[in-house]
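Q: Sequence:
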Amino acid sequence: MSLSSRTSLSSAALAVLLGAGLAIAGSPSATANSPAQPVPNQVTDLETRGNKPQAANQSAAAGNRAYFVITAPADVAAGKTAVTGNGGTVFASYDPIGVIVAHSTAADFATKVRAVAGVQQVGATRTTDVPAAAANPAIPPSPSQTTPTANEISRYDMVNIGADKAWDVNQGSAAVTVGVLDTGVDDQHYDLKANFDAGKSASCAYGKLDTREGAWRPVGDHGTHVAGTIAAAKNGKGAIGVAPGVKVSSVRIAENPSGLFFPENTVCAFVFAGDKGIKVTNNSYYTDPWLFNCPSDRDQAAILEGVKRAAAYAEGKGVLNVAAAGNENYNLAGKSTDNTSPDDSTPVNRTVTNDCLSLPTELPGVVVVSALTSSNGKSSYSNFGTNKVHIAAPGDSVYSTVPGGGYGQKSGTSMASPHVAGVAALLASVNPSATVADLRGKLAAQAEDQACPSDSRCTGGTTKNSFYGEGRVDALEAVNGTTPPGGKTFTNDTNVDIPDAGAAVTSSVVVTGITGNAPSTLKVGVDIKHPYRGDLVIDLVAPDGTTYRLKNSSGDSADNVITTFPVDASSEVANGTWKLKVQDVASADVGYIDTWSLTF
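The sequence shown lines up with residues 1 to 600 when you count with the working numbering.
Cross-link-like lysine-lysine pairs, in silico, DSS-like; alpha carbons within 27 Å at most: (1) K193 - K529; (2) K208 - K276; (3) K193 - K208; (4) K112 - K208; (5) K464 - K165; (6) K529 - K581; (7) K208 - K317; (8) K237 - K581; (9) K193 - K165; (10) K579 - K488; (11) K80 - K317; (12) K488 - K581; (13) K488 - K529; (14) K579 - K529; (15) K112 - K80; (16) K276 - K193; (17) K237 - K193; (18) K529 - K237; (19) K488 - K165; (20) K80 - K208; (21) K165 - K529; (22) K165 - K237; (23) K80 - K276; (24) K317 - K276; (25) K579 - K193; (26) K193 - K581.
Because the hints were derived from the structure by calculation, they are not lab data.
Can you make the complete structure from the sequences, with help from the hints?
A: And the structure:
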């Protein structure tokens, strides 16, 4: 669950945050000191949370239920036979990790399949029936769009992590894609469409991969907000993401209308991310229906194993997984109670121990992010814990994109996590050969130390503690040194007229004295004067004729294109004649190339 019911804030603190638009990374939980009361389906000016389905009881007679059937990868075929031979059907199967998603109406399905040779674990993934929509899921509608008029402004979160300075050095590479595993992303949003990677987007709702066009679109505004924090374009309007030069994709795991993120959906998403070459995933949710999954429970043990295998599969394919710590103000290193699970039916009061894990947050290898206030204190709602939180980032009143071309503020560790995912994308951009372990290490080593406040719950030293982990994430440090001092810049400042609705024109620079290939972070500085920049299509042409699209035409009625485009030109020989190609594809306005440059 990713949305606004995951909190245990005091009523006074909650009122303050609701005014800012609280958004969070999961569902209600107890604090370390006392049980918290669930916060009913909050509605803010930015986010609406659908009503949770209310089953009669988690032990009610089963209808059509979903299960994980877990085997060794070599035994998947036998596992499928066990499913169909004991009153079940195979809904989806993730053969490389030995995880089968089965549906059955038989009350004794799990008991029978557990007894089959080769089957390692079987567990129900829900405590309510599989929604009818699973058989024929609808594609979410594309939100109607508005074009923003407000200019980009300075935002505290980007200043605090040095992103505003990092943009002048390196905005990230389009060769790097960050997967937003969430409620879906508005791929047509003005600030996202240029950076959206449809080829690495899909829906995993209900636990089966759906790659139909638009299946990734939003069933809530949470995922679009997360995506904007990562990679909203630096185009003069609206918001700017931490890494405005990278790509984002949408892997929708929230179901509609419940808004819940079930284990089979999470498994599907991690496997898809690994198979598609996504470099970083952002996980601002926890896997429903259990806030903590306990290995002593057979159902929850199967959930633990299935999601653990999927996350490990993604990492094995080179994916860094980043996740929100959660918003219960809970000590994840000192678990005691949970009165909010299962959240798809009737919650029960239960005792939990540190063996019980929040997924995917507490899985091995996942970078866990706590939330900071604008003054760099721990946000009141943020979870914490020694060796549980790895790094911290701004989470209060974060301004970003929402569906339909709009913008809004949200608060939560859900908003902190994408700042770290964005910085990880910058690191991957400037270190293309970096491994997942390298990226984790760099995030930690470059973080800005944060000392414990006067709060006895914060344990550890300045360099690492239970509130902030290794410290506040640092975007500027991630890109520093990627353009060597004295790095060569080649400029052409001869004006070239751009004919109205005419043929493309070019302006050339001749590059000499650069050894080897161009960098993966080639900077293309452009200053084009034109009264309606939406008319313009802009390309960079390499010496061998390869074309790199910098800008498509759009409905943007603003003046001029004055910006720096990052280009991964690492496959191109640096020396030779490079060209900026510009075409006006609509009538009524004329302009000219004033100046442009290449910085190596």
